[in-house]
Amino acid sequence: MRTAHLAVEVSGFGRHPEAWRQAGVPREALLTPAHHIAVAQLAAQSGADFVALPDSFGAGSGLDAVAIAARVAPVVPGIGLVPTVTTTHTEPFHTSKAIATLDLVSSGRAGWEPAVSRTAGEAAQFGRKPAAEPAELWREAAETIEVVVALWDSWEDDAVIRDVATGRYVDRDKLHYVDFSGEFFSVKGPSITPRSPQAHPLIVLRAEPDSLAVAARWADVVRITAPDLSAAHAARERIRAAVTDAGRDPDAVAVLLDVEILLAADENAARRRFDELGELAEETLRVVGSPEAFVDVLAEGAVDGVTAIPLTLPGGLRVLADEVAPRLLAAGLRTPADPAATLRERFGLPRPANVLTGA
Amino acid sequence: MPKKQIHLAAHFPGVNNTTVWSDPESGSQTDFASFVAFAQNAERGLFDFLFLAEGLRLREHQGRIHDLDVVGRPDTFTVLNAIAAVTTHLGLGGTINTTFNEPWELAKQFASLDHLSGGRAAWNLVTSSDAFTGENFRRGGFLEPAQRYDRAQQMLDAARELWLADGRPIDHHSAQFDIVGDFPIPPTPQGHPVLIQSGDSDQGREFGAKTADAIFSRHGSVEDGQAFYADLKGRMGAYGRRPEEITILPATTFALGDTEAEAQENGHRIRTAQVSPQTAIAFLEQVWGRDLSAYDPDGPLPDVDPDPGAQITRGRVRHEKDPLAVAQRWRELAEAKGGLSIRELIIETTAHQSFVGTPKEVARQMDDYVQADASDGFILIPHLTPGGLDEFVEKVVPELQDLGSYRTEYAGPTLRDHLGLARP
Numbered sequence: 001m002r003t004a005h006l007a008v009e010v011s012g013f014g015r016h017p018e019a020w021r022q023a024g025v026p027r028e029a030l031l032t033p034a035h036h037i038a039v040a041q042l043a044a045q046s047g048a049d050f051v052a053l054p055d056s057f058g059a060g061s062g063l064d065a066v067a068i069a070a071r072v073a074p075v076v077p078g079i080g081l082v083p084t085v086t087t088t089h090t091e092p093f094h095t096s097k098a099i100a101t102l103d104l105v106s107s108g109r110a111g112w113e114p115a116v117s118r119t120a121g122e123a124a125q126f127g128r129k130p131a132a133e134p135a136e137l138w139r140e141a142a143e144t145i146e147v148v149v150a151l152w153d154s155w156e157d158d159a160v161i162r163d164v165a166t167g168r169y170v171d172r173d174k175l176h177y178v179d180f181s182g183e184f185f186s187v188k189g190p191s192i193t194p195r196s197p198q199a200h201p202l203i204v205l206r207a208e209p210d211s212l213a214v215a216a217r218w219a220d221v222v223r224i225t226a227p228d229l230s231a232a233h234a235a236r237e238r239i240r241a242a243v244t245d246a247g248r249d250p251d252a253v254a255v256l257l258d259v260e261i262l263l264a265a266d267e268n269a270a271r272r273r274f275d276e277l278g279e280l281a282e283e284t285l286r287v288v289g290s291p292e293a294f295v296d297v298l299a300e301g302a303v304d305g306v307t308a309i310p311l312t313l314p315g316g317l318r319v320l321a322d323e324v325a326p327r328l329l330a331a332g333l334r335t336p337a338d339p340a341a342t343l344r345e346r347f348g349l350p351r352p353a354n355v356l357t358g359a
Numbered sequence: 001m002p003k004k005q006i007h008l009a010a011h012f013p014g015v016n017n018t019t020v021w022s023d024p025e026s027g028s029q030t031d032f033a034s035f036v037a038f039a040q041n042a043e044r045g046l047f048d049f050l051f052l053a054e055g056l057r058l059r060e061h062q063g064r065i066h067d068l069d070v071v072g073r074p075d076t077f078t079v080l081n082a083i084a085a086v087t088t089h090l091g092l093g094g095t096i097n098t099t100f101n102e103p104w105e106l107a108k109q110f111a112s113l114d115h116l117s118g119g120r121a122a123w124n125l126v127t128s129s130d131a132f133t134g135e136n137f138r139r140g141g142f143l144e145p146a147q148r149y150d151r152a153q154q155m156l157d158a159a160r161e162l163w164l165a166d167g168r169p170i171d172h173h174s175a176q177f178d179i180v181g182d183f184p185i186p187p188t189p190q191g192h193p194v195l196i197q198s199g200d201s202d203q204g205r206e207f208g209a210k211t212a213d214a215i216f217s218r219h220g221s222v223e224d225g226q227a228f229y230a231d232l233k234g235r236m237g238a239y240g241r242r243p244e245e246i247t248i249l250p251a252t253t254f255a256l257g258d259t260e261a262e263a264q265e266n267g268h269r270i271r272t273a274q275v276s277p278q279t280a281i282a283f284l285e286q287v288w289g290r291d292l293s294a295y296d297p298d299g300p301l302p303d304v305d306p307d308p309g310a311q312i313t314r315g316r317v318r319h320e321k322d323p324l325a326v327a328q329r330w331r332e333l334a335e336a337k338g339g340l341s342i343r344e345l346i347i348e349t350t351a352h353q354s355f356v357g358t359p360k361e362v363a364r365q366m367d368d369y370v371q372a373d374a375s376d377g378f379i380l381i382p383h384l385t386p387g388g389l390d391e392f393v394e395k396v397v398p399e400l401q402d403l404g405s406y407r408t409e410y411a412g413p414t415l416r417d418h419l420g421l422a423r424p
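Just so you know, the protein sequences line up as chains V and D, in that order. Just so we're aligned, residue 1 is where the first sequence starts under full-length UniProt numbering, counting upward by one. Just so we're aligned, residue 1 is where the second sequence starts under full-length UniProt numbering, counting upward by one.
Because the hints were derived from the structure by calculation, they are not lab data. Among these hints, one or two may not hold up.
Pairwise CB distance ranges, derived in the manner of DEER restraints [stated by the list, open to error]:
#, chain 1, residue 1, chain 2, residue 2, range
1, V, P26, D, K3, 38 to 48 Å
2, D, D200, V, A120, 54 to 64 Å
3, D, G167, V, P227, 32 to 42 Å
Okay, the calculated bits of chain V under chain D, using three or more residues with CB under 8 Å as the criterion [claimed, not checked]:
#, region
4, 85–98
5, 171–179
6, 191–198
Beta carbons are placed, not taken as given, at the ideal position from N, Cα and C, and that holds for glycine.
One chain only, chain D, in its complex shape (with noise of 0.2 Å):
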């Protein structure tokens, strides 16, 4: 029987401390040049898509724009065209937000992605009920946060009307949008784009089971990305879908050496890259819910207790529901580790890398990862712009293809095919 066959997507390295801007390396994260540069290396690495993040407003940290990470991009459909104008079977992903966007806009939008990219278009639903971001656009910040995923399905509902609509006319009555027309573009290369969905809540994998062709997970190890895994495919069958119909695809660094000494130690500096000592700080003000400029980065945490009602930061998602308990842990873990520093434990408890060796020993941990049922592949996120995948398509592609789980050559011309879905 053949091998189970990786799936790789590429994250194009933008708004976060993942991206490494103090590295001589790294270039412009708007320039188009560094857009072509990625994305036609990450064809060269036969990548399925490539796929950008979107923010609608600029983060702030205590009442300010945070000014610490790299910030500015350009706009998605935009750049996305301009990159199928480079590019020839990459796919290319998008994240565009169902709250502060219409159906039938978005709906015209990515018909006309899907069009000229020649069936490569895929869209990455992310909710929103955040009045921050909503100061933004018209509607404000008008939706419960509840009605996030209903306004999301309802988006989608109306969008697929329109997609495969042919020339008949749409009718859409649900309590988010009243939708009546003639939608003027034909069913797409692809029927309609791929669908992306990244939500881990019961409701966010639901929405996913249902819905998705693809998930991005969060899920590192490989117990529980198997756990990730067999929730949602088991959640599919509910939905007359199989579980081949998704493709999941946790995100994942990876840092390389030519022995694997050299590859910790290039693991150690990047994450120290990404850890300044002013993102050390940020990063346990947003926990402690208060001003710690006070703090010597490089001395022990803060007597003082994190205040649980403050949120400080403003624009990005918050994982820490328990600043009090988040504190208490990570106390114990910097005494256990012999007593770490602030910006040592903030290295330790946030920026890690998936996979660290080798491009040989990185390539077999991936596939193990793979035909253990993990994932059916990765998104990688690279630290540098644009190059972050230079090294990992010219070294480690080669070896999973040598594992006979990667491809040699695209399938077929469209992200439908690299991902072996049927057209809708």
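Next up, chain V with everything else stripped away, as it sits in the complex (with noise of 0.2 Å):
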């Protein structure tokens, strides 16, 4: 049997808006660093590879997610960092920079999940251009991906030299300019940030009609939300193809189905504490139930692996971590993790050779 990818994402008190009720804590909590790290390491002790911290400019958004990233990753090992970084409105020479320096503070653990600013409220907040359609907006985040990847790529590894008897700190010649020009912006290069642990930290991106083209070109993982498993499975299906067309190899691109769960030890409790919670328009696959119906999900293989999005924090991790994470074990979905291991390692990814080497 195939192991399977798991990740969490975690956001507030959970993904049901009233989930805050049964935390047992005042909402303030959520401004706290202990919050924050309890909840990580909850997500590492799930045994999950990463956790999504997602983010934006919009009403309800919260703490900046690269901000909570770094404040764990020095306390939490063992588990990858991926904060959402919008590319609307952000400039891409400063998202390279912190996802950039993610890595080094997390010993190579960062990802990356760049996604847009669709509305015209968060463009008001910045004043500067007005809200764009989602294609433009998907053009725009490929060329912020483009140039963040060309800039994590503008220092070679061994540009450090230290070369006492010519007075050189830095060969030079190992630095590049990436002279980006696109349709939106351009960047000269380059970076201020040195090459980081993984060269390229892990991005992830979200499946949505304008962003196939962009995945398919870049993701090292593709979120998908699906109401079945037949269709999560039809949708893993195109994107390796897009893959394939865009000249890459599928295998190296892990889809994973997003599943909102609240999981308690049998299925009538689980039902009992979603309907204290009240009624929630499902987003995708929701596992209601016992943690072995969970287990079951990741045992169809319809797709690489879940990232679990429980509907209540921190409890929902716990029943994941205390539960299902030795379940999952002890049925060969997944193997114990090497803590050294870095984020794209876990993922069977390779340390990318610099392109710009030699340019």
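Can you join these two chains into the complex? Each is in its own frame, and there are hints to help.
Here it is, written out as structure tokens:
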């Protein structure tokens, strides 16, 4: 049997907007480092490959996701950290060094989920340009990813030479201008931050109608939503075809299905807790039930793995860590992770060669 | 009356020729372990805060990337948040450019740092009108030099509105910004981050007197320090502020030794290492505006005159406005000192220690300086990464405490507590 990837997405007190009622702490707890550390620790104990930290400039967003990831990185080992950084209003140069630095402070556990800002409200907070159509936003996102990756390669790994005889700290021939010029912006380069432990932190993209081409070209992990496993399997096949068409190896791109979870000892208990929270539109496959019910989703093998999205936090992660993780190991669906592995290594991906070497 | 208390901050040794990378004890300036070691030592020394400088484009010299100094640094916000995880009291200061950032995003990043550090964030506002740096950003080189402080002020006004909004809608309109929305993050443990400023022009001083909680100055002598101190604090009344609401911290270096002679020898060794033969020529080229690679750094100054129009270094602040006058002054200085070589002259003019001596003597010098109202303390710029502060913390800090002019424990958890500042 193929092993499955497992990620978790955490934000607020869970995806359910009423989840804070079950959290047992005031909403202000979300502003404290203790909350974010506790959540990341539970995510690590669940054995997940990474924790996704959504972010936006929209209403209801919280603390900056890169900041949270950096704050927990030194004290929570053994799990990848994948903050969302949007591409519509943020400078690519800043994004490049922020994610590279997250990779430095986490010893190679950084990822990046690029996302676009669609709303007029977000645009009004910046006052620089109006909101745009998704197709345009994703063209801009593609440019952002391209230049961010180029900046990650703008230092060769051995650029620092410290040659006392010639007085040179760095070999300037191993630093490269990226000279990017596109439809939306231009960036000269090089980065101010040297090439990071993973060289290219893991790029995670959500499959949306207008993001497929971007994902096919750039994603290491594609996140999908689907109402059931057969739809998820079909989506995986479409993504693999697009990756192949883009000239890449589809086996180097993992497709993870979002699965909302509310797990308890048995289905009745889970259902009762869900009813206490109140109705909620189903954004993707949802498991309200026993730990076994969630294990069954992974055992189907319809996709390469799942991103578990607890409806409640931190309780939803506690069940994942205490009840689900041992069952996944026992079923052979997961293997114990090497705590020293980089996030790319957890996905079986090599450290990329530098395309600008010798340029 | 209790003695005036000294405030200390520490600059993480980064990109400049102060940092002696050729020393065998010099480590990485990008590995997180270096930040951990440096920050934890500064906290052991009860420093108010550590501070990271910023550069948004690699410096160039003669059209090529400058390769003689330490180059490369991590992202300011990201590394400060990570340092927050390995310290408990130390303030976390970051230089963030007001030209190449937008208020909403910056306010969110600083609010996040302040929440996630329990109230330890500080923002060192710097301005830029530099099209060279602008080539890395969407904005490009769009800003007229005269608008730098206008944008900085409007950026700060907008950021403050966002930080203190506390659920109220924002409707900010200024020449630089149009910002409408609801800021999602409540006021932070400090209300908002501590504000640091370092411009020394008249415009910069006015901006500092009006807005800053701390000032980085570069006035080394007691007399210059006193003049700056009196001038800056004298400007505050016009804005309804009291002098103690600003902490003035000149940047300073130091060299220590068990004896006075040993300290002098250490100081000389550091100065020499800071100016390699190649660095000496590069400094000369900055003033002369031409390629001087054919000259011997151990030989005399060039007999040709500087090209007054040329600027061959980009990405670093140029302090010499009149190269012909500088050359004239340097020739006279070399002559007066008995015929200094190029390298000796550059060592003499660029890299000086402010405080040299035994730990007891350095503590006394610093205390005298602060008690004379030449400053409220210092920002220390060590020459080694990451251990450049270790000996200072181990030996000078106890001497300052013995003099009764330095804290023996932190008064509270936030940086405002360390600086004695009220919540805005």
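Outcome of the hint check:
Restraint check, V:P26 to D:K3: a C-beta distance of roughly 43 Å satisfies the suggested window 38 to 48 Å. Hint check: D:D200 to V:A120, Cβ distance near 42 Å, so the stated range 54 to 64 Å is violated. Taking the beta carbon of each, D:G167 and V:P227 are about 37 Å apart, inside 32 to 42 Å as hinted. Coverage of a stretch by a chain is defined here by at least three residues with a beta carbon nearer than 8 Å to that chain's beta carbons; for the region 85–98 of chain V and chain D the count is 7, and the condition holds.
Remark: the region 171–179 of chain V is confirmed as covered by chain D, as 3 of its residues place a Cβ nearer than 8 Å to a Cβ of that chain, reaching the required three. Check on the region 191–198 of chain V: 3 of its residues sit with their Cβ under 8 Å from a Cβ of chain D, so the three-residue criterion for coverage holds.
When each numbered hint is compared with the structure, a violation occurs for hint 2 only.
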